[in-house]
Each structure stands twice: as structure tokens, then as C-alpha cells.
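Trainee: What follows is the residue order along each chain.
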Amino acid sequence: MPIAFDKVSHIYSAGTPYEFKALDDVDLEFSEGKMTAVIGQTGSGKSTLVQHLNALLLPSSGTVRVMDREITAGTAPKGLKKLRGEVGLIFQFPEYQLFEETVLKDVSFGPKNFGVSEEEAQKRAKEALRLCGLDEQYDERSPLELSGGQKRRAAIAGILAMDPQVLVLDEPTAGLDPRGTEEMMKLFRTLNTKRGKTVIIVTHDMEQVFVYCDEVVVMADGKAAAHMSARDFFADSSICRSMNILPPAIIRTCDALREAGFDIPKEINTTSALAKCIARQVKRHG
Amino acid sequence: MFFFFYVYNKGVPAMSAVEVKNLTFSYDGQTNAVEDVGFSVEKGTYCTIVGRNGSGKSTAAKLIAGLLDKKSGTILIDGIAMERENLLEIRRKIGIVFQNPDNQFIGSTVRDDIAFGLENHCVPQAEMDGIIEHFAAEVGMTSYLESEPSRLSGGQKQRVAIAGVLAMAPEILIFDEATSMLDPQGKDRIKQVIRTLHEDRSLTILSITHDIEEVSMSDQVVLLDKGKLVMSDTPEAVFSSEDRIRKTGLDIPFSMKLAKELKRYGVRLDETLRIEGAVEELCRLRSTK
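Chains as they are written, first to last, in my numbering: chain A, 10 to 295; chain B, 3 to 291.
The set of hints was computed from the structure by calculation and includes no laboratory data.
A portion of the hints provided could be inaccurate.
Unchecked claim - In the BS3-like style, the derived pairs of lysine-lysine whose C-alpha atoms are separated by at most 25 Å in a straight line are:
| # | chain 1 | residue 1 | chain 2 | residue 2 |
| --- | --- | --- | --- | --- |
| 1 | A | LYS275 | B | LYS262 |
| 2 | A | LYS285 | B | LYS230 |
| 3 | B | LYS262 | A | LYS285 |
| 4 | A | LYS292 | B | LYS265 |
| 5 | A | LYS195 | B | LYS64 |
| 6 | A | LYS195 | B | LYS193 |
| 7 | A | LYS275 | B | LYS73 |
| 8 | A | LYS285 | B | LYS259 |
| 9 | B | LYS259 | A | LYS195 |
| 10 | A | LYS292 | B | LYS228 |
| 11 | B | LYS230 | B | LYS73 |
| 12 | B | LYS259 | A | LYS292 |
| 13 | B | LYS73 | A | LYS195 |
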């Protein structure tokens, strides 16, 4: 079931002096089963865009199609609750939303709210917690006792426990240390490849987009300025640079080497391939 | 005017700006968030403090800034012991900028906000505008002096916070993940501001960060793990052990990853912290071999 935006606009505070058009006639289709990055500057409409995916925001005009539902201006779609179980949305700094006495209770809250039995809810919660790297010792702890990174995992487990088909993440790794970031991104990638989840991730981190994502949507001034494969997006670093985005380190290094006269083919996308290519040229001149 | 705030004893033998010995702190009285930590930072050093989330970095920074009370150990700021009777004097020497820009505003305009600290330090009204405008210019916020802080972007808010701290003429500036909530443009701008302050004014910088590029550009790295000091050394030394990197959840700069791969093909690089340096060296290798 595709996720599509058809001429969607969203206006905040319409009719007031603060009126602001955050989305402007967006046409866009997210590919099912893929991991797509939504990138763009602050204020470009990224967060507004993804909050339409589970009808948290309704369009001011146009239609959003998610799963088999249509979300249009002013009409809360039927089966909203079911939709929110199918499209899991994780906000920036989700750890602020933990509220239960224990981690296990917090994570079981979602499935229970969707009518699952206590026992089944706990089973799902435990599974989600293990997936997120929190073992049994954390089940009975208060969420408040966890470190920042652990809280983040618990909050994400709370969404995974509902087993959504589409996972929407708004800057899930902001503020995490490098290892925490890597573990988190690998988890999302695994959910995508092994469990067939569609993953949509808002991020500023091009290193992550380069390594983990299949497709890139670029938001600019409330419009979807580009939608292409990550491979094509990074193959020509001028696209990044024209948007004031710092390309990943490997791309910057390839560019600098080319400028210095090295022959670096476009296909090179791993550190070891690049090293091999450089070594050949350094030695050939020997 | 305000220039007298900035008298530096250049040429005088360096005294440590920060010296920490056997520092221990606990929030709950049971587990130590910081345990037996010791390191020193010379004046004018750009020092980064790194480690995993929960490794005690922010706690250490707050102890050094005098915002938390240590359980045991010694903290010397510019040779002055961090004890109750010296607290005011020490706080004048240290400025701290936190992660969340929204939590550090008091004034209803940018001008009022920068003025707040000056008023507390009883700076005469006649001198205040000059000082405010000087520091607003330093962080590139002159045209926003009459704006409401809440209407600024995250990066602009952090620049105002830095201006407010600078106006107090600190000798040591602490940044507690000051760029982690900003977008890439905002991050770059703040990093530039910090670098300029370090280079032009030789302020001592303590920056808590996960940004590997910032770490590799710094003079000194303090690596913490589970509240304990792992090492305090140059970035080259800290990045040199793969085992240590893995254990402490750090990452290494891309140029170092590349250098490691190149070694497998028999190409050795000396400069490994910066991409530009690595590329220059590769060019030399190509032309001389």
C-alpha cells in the first residue's frame, strides 16, 4: 500500500498575522519497503510532512494516502486509532514522553491501548525492548533512572511494541554518542530488511543517509524539491553542495582526490574500495 | 572601557586553567557519576571531553563550573581552589553554554538577555550598550538585538547564549554539547564562533562533544568512560588504539579509517586526522615514488 502526497499544502495559524505555509503543494510517493531519508534545512517542512503520515496533522488542502486510507482537509479519517497502530511515529527527543512507573509498563502501554491482553502486551513489550538492546534488568526499573540513550531506546521500543508496518522517525539519533547512533541505525535497517517495514527517517546526518538509506527526499521551502535514490543523490556531490549540505566524508575525500588529479571512479562507495583504488595509483607511479 | 577585562599574561609560564585531582561525585549517594577523575588543561587549550552518553562528561563539566558540589577531590581554576568562599571569584572566570538553547533565556529581547549578566556584575549602565553591541557583533547577531529570543532559530539562540556568556569576560568557556540540537548550518556557525574565540582571544575551551571532526581539531582530548578517566592526551594518541575506541563507544575520523585501509595495501600515511592533509600527502607519495 503506497504512501502518497497529492498536492498537499499545510498552513499553520491560517488567517492570523503568524500564518505560515509549511507545506506548499507537495506531490510525493514514498516507496514501500524502502528506507527513505527526508532531509532539508530547518524550517523546510520535514517535520510537518511526516506528521501527516499518521494524521497527527491534517492537510489544509490536498490528499494524503496512507495504507488504504485517504486523509483530506478537515476530515479526520475513519479508523484513526488503527492507522496510528500501523504507522508508528517517533518524535524528536521521544524520551520526554516516557511516563509509566516501570520500563516494561511504559512499553506495554501501546499494545494494551490497542486492545491486546495484558499477557500478550507484555510479551510484545519484552520483544521490542530486547530488539532495542535493553535486556531484562531494565524491565522493572523506572524510566527516569535510565541514561539518555537508554531512555531513547525505551521510547522507540514503545512504538515497536505496536508492530507498525510503517516506521516514521524524526531525528532519532540527535544527541546520541557515535556508538549509540550506529546501533540505532542498524536496528532500523534490520527492521526494514528483515521484517519488511517501510522506514521514513528525518535526519541531518548525511553519513547515516549514505550508509543506511535507499532513497532521499529533499525538502526546501515547503516543497519536495527532489526525490531520488541515495546512490544517485551522492554520485554527484554538487547536488548536496548546491543545497548547502555537507556531503559524507567519503564523498568529500573522493572529490578532493579527483581535484588533486587522482582517478576515482563514481562507483566507489566503501572505504576499502577507495583505499584499493588509491594504492594502485600511488604505486603505479613508483 | 571593557578592554581591561581581557588582560592576558602571555609570556608568563603557563599555569593550568583547570586542574582536577581525584574528583568524585554522586547524585544518589550510592553510585559515583564521576569517580577519581584527574586531568589538567593548560591556559589557551582547546580541550574536548568525550565519552558515551552517561559517561560523566556533563557532570564533570558542571563540577568544574561550580554548579555541582563535589563529594571529594580537588578542583583548581586558574590556581584557585573550588571552595565555597572562592565560588564567586571562580564563577567570574568560567562561562558555560548548555545543550538546549531554549532553557537559557531570561530577557525579552536579545539585548536584555545579554544585559542580564552584566547587570548582575554591576556594570555601569553607560558602558553596557557598548559591551552588548561588541559581543553581539562577535557572534554575528547585531541585527537581532531587538528581537525576541523565542523567535530565533536554534543556532541563533545558541549564538546569543554565547554572547551573553562572553560579555561576562570569562577566561574559560565550557560548551556542554552546545551544537547537538542544531542543524548542520547552525552547528558549523557555532563551531566557527568557538574556534575564533579560541584563536583570537586564546580563551581556554572545554567542549563536550560527539563530533569527531571537532575532536580531531582540538589540542587535547579528555576521554571518560563510566565516570572514570580513560586518558587525557592529544587526539592522535586517543584515536590510536582501536580497542579503546571500541570500548568507549567513540568513532574515528574518516581519514583515519582510510589510512588504516591504505596500510593494508602498503601505503603509509603520517597525517591522518584531516582529509585535506591526507590528500596532500597522497599527492606527494604519487609524485615522488
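Trainee: Against each hint, give a clear statement of whether it holds in the structure.
Mentor: Results for each hint:
1. LYS275(A) to LYS262(B): Distance of about 22 Å is within 25 Å: holds.
2. LYS285(A) to LYS230(B): violated, 39 Å
3. LYS262(B) to LYS285(A): Cα-Cα ~12 Å, so holds.
4. LYS292(A) to LYS265(B): Holds, because 13 Å separates the two Cα atoms, which is no more than 25 Å.
5. LYS195(A) to LYS64(B): The hint is violated at about 33 Å.
6. LYS195(A) to LYS193(B): Violated, at roughly 29 Å.
7. LYS275(A) to LYS73(B): Since the Cα atoms of LYS275(A) and LYS73(B) sit roughly 57 Å apart, the hinted pair is violated (cutoff 25 Å).
8. LYS285(A) to LYS259(B): holds, 13 Å
9. LYS259(B) to LYS195(A): This hinted pair holds, its Cα atoms lying about 19 Å apart.
10. LYS292(A) to LYS228(B): Judged against 25 Å, a Cα distance of about 45 Å means the pair is violated.
11. LYS230(B) to LYS73(B): holds, 15 Å
12. LYS259(B) to LYS292(A): It holds: about 20 Å lies between the C-alpha atoms, which stays within 25 Å.
13. LYS73(B) to LYS195(A): violated, 39 Å
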